[in-house]
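Colleague: Sequence:
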Amino acid sequence: VDSEVGQLKQVVLHRPGLELSRLTPQNVDDLLFDDVMWAERAREEHDAFAQKLRDKGVVVHLFQELLATALDEPGAREFIQEELTTANRFGPSLEARLDELVAQAPAGALAEALIGGLLRSDLTLEEDASLLWAYLEPTDFLLRPLPNHLFQRDNTAFVYDGLSVNPMSKPARKRETINSRTVWNFHPMFRDAGLHFYYGNDNLFHDPANVEGGDILVIGNGAVMVGMGERTTPQGIEFLARQWFEHGSVTQVLVVELPRTRAFMHLDTAMTMVDRDAFSVYPFLPPELAS
3 VDSEVGQLKQ
13 VVLHRPGLEL
23 SRLTPQNVDD
33 LLFDDVMWAE
43 RAREEHDAFA
53 QKLRDKGVVV
63 HLFQELLATA
73 LDEPGAREFI
83 QEELTTANRF
93 GPSLEARLDE
103 LVAQAPAGAL
113 AEALIGGLLR
123 SDLTLEEDAS
133 LLWAYLEPTD
143 FLLRPLPNHL
153 FQRDNTAFVY
163 DGLSVNPMSK
173 PARKRETINS
183 RTVWNFHPMF
193 RDAGLHFYYG
203 NDNLFHDPAN
213 VEGGDILVIG
223 NGAVMVGMGE
233 RTTPQGIEFL
243 ARQWFEHGSV
253 TQVLVVELPR
263 TRAFMHLDTA
273 MTMVDRDAFS
283 VYPFLPPELA
293 S
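Using our numbering, the letters of the sequence shown correspond one by one to residues 3 to 293.
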């Protein structure tokens, strides 16, 4: 990706799925949404949007389908077991049961669960399976849904000839990178493409060096603009910038300090590149930023 406004050839979208249907008035805030979504209408609009892209000759890849394909590749389910179904996350008694589920579930159903989440009632286990299992109500989430997978540019950012798998700042989004890493590392289309990873494709603990792709704009000619605010930290920008410069394709990084409020969540909510020399700008930016 060497431009925000050049010709789009291929794109990864996530069609709203089970996870959007699981938004409720009780969990919308924790899951970083402002309100419950009309899931069926969202899918209709998303399908229309994807078709408009196809009509323009753009190859559209749907993320959940990519994930399902990746899960049937050698090593992918072992990766999910190592990264997701761990004793720390579910307790030592439940870990082996969930590892077994990951190993045996059909790829399509497993991909849906990894994005859409799992209720306790979605599984059938004996009551004494674990302390966590006994503690949860049938309508409690064993695995929380990831409705923010809809925003595919956030957890991964392609910049010139490399990509970062971004350590997300909010707990509701951190698991997205496990799914994305599964796709980039195991799907044949990406596994065999010789991808260069700038940052995040590892098992390190990155907090507070967080980065989100909505703060990254590829403005062209070796330059990248990065928003620093609620979601992307100075530490994360420094880590990423060092890797960009070391790899050689990025020659200039412009850091834009954003107000640390939800209204300015990402740089792309404050300003959007619409041509080589033009941006649309959120009208309520503080004057010193708008200029």
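The hints are simulated quantities; they were obtained by calculation from the structure and are not laboratory data. There could be a bad hint or two in this list.
Claimed, not checked - No more than 35 angstroms apart at the CA atoms, straight line, and that leaves these computed lysine-lysine pairs for DSBU-like:
(1) LYS54 x LYS172
(2) LYS11 x LYS172
(3) LYS11 x LYS54
As the list claims (entries may be wrong) - Derived DEER-like restraints, expressed as beta-carbon distance ranges:
(4) VAL38 x LEU138: 30 to 40 angstroms
(5) ASN223 x LEU197: 39 to 49 angstroms
(6) PHE51 x VAL7: 10 to 20 angstroms
(7) VAL30 x GLY224: 39 to 49 angstroms
(8) VAL30 x ASP209: 20 to 30 angstroms
(9) GLU84 x ASP142: 23 to 33 angstroms
(10) LEU138 x PHE35: 50 to 60 angstroms
From the three backbone atoms N, C-alpha and C, an ideal C-beta is built for every residue, glycine too.
Colleague: Look at each hint and say if it fits the structure.
Modeller: Checked hints:
Using a Cα cut-off of 35 angstroms, the hinted pair LYS54 and LYS172 holds, with the two alpha carbons roughly 32 angstroms apart. Using a Cα cut-off of 35 angstroms, the hinted pair LYS11 and LYS172 holds, with the two alpha carbons roughly 31 angstroms apart. In summary, the hint linking LYS11 to LYS54 is supported, as the alpha carbons are separated by about 13 angstroms, within the 35 angstroms threshold. At about 22 angstroms, the CB distance of VAL38 to LEU138 disagrees with the hint of 30 to 40 angstroms.
Separation of ASN223 from LEU197 is about 23 angstroms and departs from the stated range, judged on CB atoms against 39 to 49 angstroms. Here the CB-CB span from PHE51 to VAL7 is close to 18 angstroms, well matched to the stated 10 to 20 angstroms. VAL30 and GLY224 have their C-beta atoms about 41 angstroms apart, which keeps the hinted 39 to 49 angstroms range intact. The hint said 20 to 30 angstroms for the Cβ distance between VAL30 and ASP209, and at roughly 24 angstroms that hint holds.
Judged by the Cβ atoms, the range 23 to 33 angstroms given for GLU84 and ASP142 holds: they are separated by roughly 25 angstroms. Against the hinted window of 50 to 60 angstroms, the Cβ-Cβ separation of LEU138 and PHE35 comes to about 23 angstroms, which falls outside the hint.
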